[in-house]
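*Asks:* One-letter residues, chain by chain:
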Amino acid sequence: MSASYALQTLGLVKRFGGITATDHVSLNIAHGARHALIGPNGAGKTTLINLMTGVLPATEGRILLQGDDISDLAPNQRVSRGMVRTFQINQLFNSLTPLETLAMVVTQHRGEGARWWQPLGHSAAIIERAEQLLEQFHLTDVMQQRTEHLAYGKRRLLEMAIALACEPRVLLLDEPVAGVPAGERDELLHTVAALPTDVSIVLIEHDMDLVFNFADRITVLVNGAVLTEGTPQEIAHDPQVKAVYLGTSHD
Amino acid sequence: MTAQKSLLHAARWQPLELVFWVMAFVMPYVVGQHALIINEIAIVALFAVSLDLILGYTGIVSLGHAAFLGFGAYSAALFAKHVNPDPLLGLAVGMAASTVLGVVCSFTIMRGSDLTRLMVTLGTALILLELANKWGDLTGGADGLQGVIMGPLLGQFEFDLMGQISAWYSLSVLFILFVLARRLVHAPLGATLKAVRDNRLRAMAIGISVTSRLAVVYTVAAGMAGAAGALMAQTTGFASLDVFALDRSADVMLMLAIGGVGWLYGGIAGAVAFKLMYDVIANITPQYWTFWIGLFLVVLVLVGRERLIRPWTWLGPSRGEGAS
Chain R
2 MSASYALQTL GLVKRFGGIT ATDHVSLNIA HGARHALIGP NGAGKTTLIN
52 LMTGVLPATE GRILLQGDDI SDLAPNQRVS RGMVRTFQIN QLFNSLTPLE
102 TLAMVVTQHR GEGARWWQPL GHSAAIIERA EQLLEQFHLT DVMQQRTEHL
152 AYGKRRLLEM AIALACEPRV LLLDEPVAGV PAGERDELLH TVAALPTDVS
202 IVLIEHDMDL VFNFADRITV LVNGAVLTEG TPQEIAHDPQ VKAVYLGTSH
252 D
Chain B
884 MTAQKSLLHA ARWQPLELVF WVMAFVMPYV VGQHALIINE IAIVALFAVS
934 LDLILGYTGI VSLGHAAFLG FGAYSAALFA KHVNPDPLLG LAVGMAASTV
984 LGVVCSFTIM RGSDLTRLMV TLGTALILLE LANKWGDLTG GADGLQGVIM
1034 GPLLGQFEFD LMGQISAWYS LSVLFILFVL ARRLVHAPLG ATLKAVRDNR
1084 LRAMAIGISV TSRLAVVYTV AAGMAGAAGA LMAQTTGFAS LDVFALDRSA
1134 DVMLMLAIGG VGWLYGGIAG AVAFKLMYDV IANITPQYWT FWIGLFLVVL
1184 VLVGRERLIR PWTWLGPSRG EGAS
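In the order they appear, the protein sequences are chains R and B. Number 252 marks the last residue of the first sequence (the numbering used here); no jumps. Number 1207 marks the last residue of the second sequence (the numbering used here); no jumps.
Don't read these hints as lab results, they were simulated from the structure. Do not rely on the hints blindly, as some may be mistaken.
[Stated by the list, open to error] Here are the simulated DMTMM-like pairs of lysine to aspartate or glutamate, each with C-alpha atoms no more than 20 Å apart in a straight line:
| no. | chain 1 | residue 1 | chain 2 | residue 2 |
| --- | --- | --- | --- | --- |
| 1 | B | 964 | B | 1020 |
| 2 | B | 1158 | B | 1130 |
| 3 | B | 888 | R | 129 |
| 4 | B | 888 | R | 142 |
| 5 | B | 964 | B | 1043 |
| 6 | B | 888 | R | 136 |
| 7 | B | 964 | B | 1026 |
| 8 | B | 964 | B | 1081 |
| 9 | R | 243 | R | 199 |
| 10 | B | 1017 | B | 1125 |
| 11 | R | 243 | R | 208 |
| 12 | B | 888 | R | 132 |
Chain R on its own, in the form it takes in the complex:
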């Protein structure tokens, strides 16, 4: 297998009983790509992410990360191979502060998460990385507050900072700006735009402004299957896509 793509899915299928949630999806995500997955509600976008990250086992098909078959790896093993996701609904560690959270994640990523003798924060290099992330995601001023007390926008930023702390090679962003109030939105958009260019990103988003500003490739999913794929220009002028979004198709 060539490693010419950061992430590939080959004929991925997921059936829940009689329902086919993912229908032979084959995607090629290039290195450093900004690849958006769009589609109406129920198109199977989140299911696809769950298959890629291993939260759900695929019924059929393979997943290749940097050319390696990772279809049979556990979710945490896929993370250590460099595939990391964020969640549409914040999944945070409520009793920890952002500082503790990021120090913990960085420690875990560096393979020291099972150490039990030295205190968390023992390593200056780890703290330095955690501080960088706090800075990058505008969390420095709230780093000592318990996560459960943070404002929604900050929680959303922390959601992404946690993923970045895992040093991903492929980052799956599941609706990063969903539910963020207008006042906190710009901060978040700038942060997404400023993500390192060597990280390949798959973005799921309903916000078309963000999609068309951010993505260099767009895949449209409908009913679990790939409807079409192309550059933002091609997608914007594709009559099929318009039909799906504006509801002029016959059903």
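On the provided structure of chain R, position chain B as indicated by the hints.
*Replies:* Just chain B now, with coordinates in the frame of chain R:
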């Protein structure tokens, strides 16, 4: 730099902690006539701290933690009776036995909901209780394992009837294991455990192997509970079936409820409060002591621990109302 300081600060020993431990070790000397109860408190405190590692740091609710206490107690007692009366060897045997049991049992708590885990842990303790009951030739069955005679501690200190040596012995073991547990919860391992407790899905999504973390902490907690059981058998000179009983598991849960979960001193505070209340109330009204502990628990939960220990806040508005 300030970030690192604040992280390290949490792990640093506070002066108040040192005061507490010095006081604990002075107690058997100052109030020698109460050495027996100090010994008992030290043992249940160790048991409570071990449960807190599971309950407070991974969120697994166990109603069968006495399985490890009892297994440690019987192992240490049998070892003293049939092999070697040295206390420290017996302690090591009791801990090792419960640790092994912990490894085996950790597989039973990986899957399922809180309720199924509650049932599995309860079932494990019941199985061991019945095995100890049936296996009378070895364990003495319902009569308990009697005639456990301990040798002197470190070859020097004979266990005395007053219980001072016992108290210092149990306090020392409590202290050493507490220090280890304290290091563990402030280390990266402890942080990842809290992550698993707070959000298992996300813990997995940042690369933490949730099952191996749970197995590790469950095993460590089992070993600590085994140490508590060994101390119990050694300092009382026997082991009886009630070490496996549901009451034991429930009592230690109550201690954590009283002292606070997810804070290692909560186990100790709860054990002290529980045992002292028991002692005081049982002296006044021996039959009805459970009534009062029950009432106390209901009040504790309704009023909240924070408010209960701050009587001056009772007349003001409650925090919930005050905030709105």
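*Asks:* Could you run down the list of hints and mark each one as holding or not?
*Replies:* Against the structure, the hints come out as follows:
no.: 1; hint: B/964 / B/1020; verdict: 13 Å, holds
no.: 2; hint: B/1158 / B/1130; verdict: 14 Å, holds
no.: 3; hint: B/888 / R/129; verdict: 12 Å, holds
no.: 4; hint: B/888 / R/142; verdict: 16 Å, holds
no.: 5; hint: B/964 / B/1043; verdict: 19 Å, holds
no.: 6; hint: B/888 / R/136; verdict: 17 Å, holds
no.: 7; hint: B/964 / B/1026; verdict: 16 Å, holds
no.: 8; hint: B/964 / B/1081; verdict: 45 Å, violated
no.: 9; hint: R/243 / R/199; verdict: 32 Å, violated
no.: 10; hint: B/1017 / B/1125; verdict: 14 Å, holds
no.: 11; hint: R/243 / R/208; verdict: 15 Å, holds
no.: 12; hint: B/888 / R/132; verdict: 12 Å, holds
Hints 8 and 9 from the list above are not met by this structure, while the remaining hints are.
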